[in-house]
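Heads up: the sequence lines are chains F and A, in that order.
Numbering-wise (the numbering used here), the first sequence opens with residue 1 and increments by one.
Numbering-wise (the numbering used here), the second sequence opens with residue 1 and increments by one.
No false leads were mixed into what you were given.
Each pair may be met inside one copy or between any two copies, as identical chains are not told apart.
With a straight-line Cα cutoff of 30 Å, these simulated BS3-like cross-link-like pairs (lysine-lysine) come out:
hint, residue 1, residue 2
1, K13, K103
2, K41, K13
3, K41, K82
4, K89, K13
Derived from the structure by calculation, the hints contain no laboratory data.
Protein chains: 2
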Amino acid sequence: MRLPSPIEQFIAKLSELPSLGPRQATRLAFHLLRMGNISMKELGDAIHDMRTIQPCTHCFFPTQAPKSELSPHADNKDQNQKLRCHICKDPRRTPTIIMVVEKETDLISLEKSGKFNGHYFIIGEIPKTGILEEWQNLRLAHLKSLIQKELIPSAGSGHTEEIILGFNPTSVGDFSASLIARELKPFTKKISYLGRGLPTGGEIEFADDETLGSALERRS
Amino acid sequence: MRLPSPIEQFIAKLSELPSLGPRQATRLAFHLLRMGNISMKELGDAIHDMRTIQPCTHCFFPTQAPKSELSPHADNKDQNQKLRCHICKDPRRTPTIIMVVEKETDLISLEKSGKFNGHYFIIGEIPKTGILEEWQNLRLAHLKSLIQKELIPSAGSGHTEEIILGFNPTSVGDFSASLIARELKPFTKKISYLGRGLPTGGEIEFADDETLGSALERRS
Chain F
1 MRLPSPIEQF
11 IAKLSELPSL
21 GPRQATRLAF
31 HLLRMGNISM
41 KELGDAIHDM
51 RTIQPCTHCF
61 FPTQAPKSEL
71 SPHADNKDQN
81 QKLRCHICKD
91 PRRTPTIIMV
101 VEKETDLISL
111 EKSGKFNGHY
121 FIIGEIPKTG
131 ILEEWQNLRL
141 AHLKSLIQKE
151 LIPSAGSGHT
161 EEIILGFNPT
171 SVGDFSASLI
181 ARELKPFTKK
191 ISYLGRGLPT
201 GGEIEFADDE
211 TLGSALERRS
Chain A
1 MRLPSPIEQF
11 IAKLSELPSL
21 GPRQATRLAF
31 HLLRMGNISM
41 KELGDAIHDM
51 RTIQPCTHCF
61 FPTQAPKSEL
71 SPHADNKDQN
81 QKLRCHICKD
91 PRRTPTIIMV
101 VEKETDLISL
111 EKSGKFNGHY
121 FIIGEIPKTG
131 ILEEWQNLRL
141 AHLKSLIQKE
151 LIPSAGSGHT
161 EEIILGFNPT
171 SVGDFSASLI
181 ARELKPFTKK
191 ISYLGRGLPT
201 GGEIEFADDE
211 TLGSALERRS
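Chain F with its partners taken away, still in its complex shape (with noise of 0.2 Å):
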């Protein structure tokens, strides 16, 4: 059936995000429509603010450029060399180890377990095939350039202390893996994966044979 214009293009603009079907998209508009145009106004300027977010120039992490940085009279390129996220530019944290992972929630994740300090590095959403993609070719020669330049200062002579492959234990995030080790091995010291094995809280009678084997195979 017909429905207003506004909300026909609400729910089709909705739909094109991930993990949300038109049904999800349809009944979030009547919802929006009932919580009236105060949520609406608020909700639509939040997103119009997010156009406001750059990618961190080490990490790929989106970042909130300064406001001084933002200035009109700056030299664009050069702003833009500049922009660094909140870790990348942390003092306190290690520069000479870097965990790739895939995507800025993978990051999230793995920081708010509080166990990691040295810097990361987003290679963006491994394909199905496991192959990279051209743009993310683009990411990992980024990387190796900024290990060469020093400019995430590293062990010296271009290589870097240890690189962490921090992929889904999947059979996709394994073959990237290899892919991208064989790239990264020459600039860096070491190169390591995250631990395999039982989740802790997790019952062995119900864990598969997969994640079984792998915490045999890697028992300590």
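Following the hints, put chain A in place on chain F, whose structure we already have.
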């Protein structure tokens, strides 16, 4: 961990919506950022544009006022009295049969079936107690007054021909239906309910006891 404030703001606003937890909101935030500024502007604009939508003054279905009626010189009250949705305005529909539904999405689903040619009336989502909220009682009073004043053409002397109570086949839905039926009885010649039984295409083997009971009870 600390996220740039426009991202935090967006996640907070989005998490207020039903069926969207902070986790999905976070994923959507980063996805939008990856989609880029144009997509964010379009989605923000789409939400802002929804503010032109007002409820139909007869059935409460969200409706876009024609631009002429939105003229700033028009008397506001008068303009509100005029705003009717495309269903309420459609002269080919039978106005003396009114289906009371909970939500806009229920109306859309029923309308898609193409089997109903009367008018609708949206009472709003029924609370888990089954007892209507105060604002829902006001809507009910509004419906009664529409019928009495014959603003919804009625069968004469403040009666309409039929009111269908189109609620979910649950105990809460049944309970509210019985309350609403009592309220509306003086204003209609007939009160009816949606049929209940086996869903078309369903299998007897997998139907639950309640459904099978209804199917037997209402066999024809």
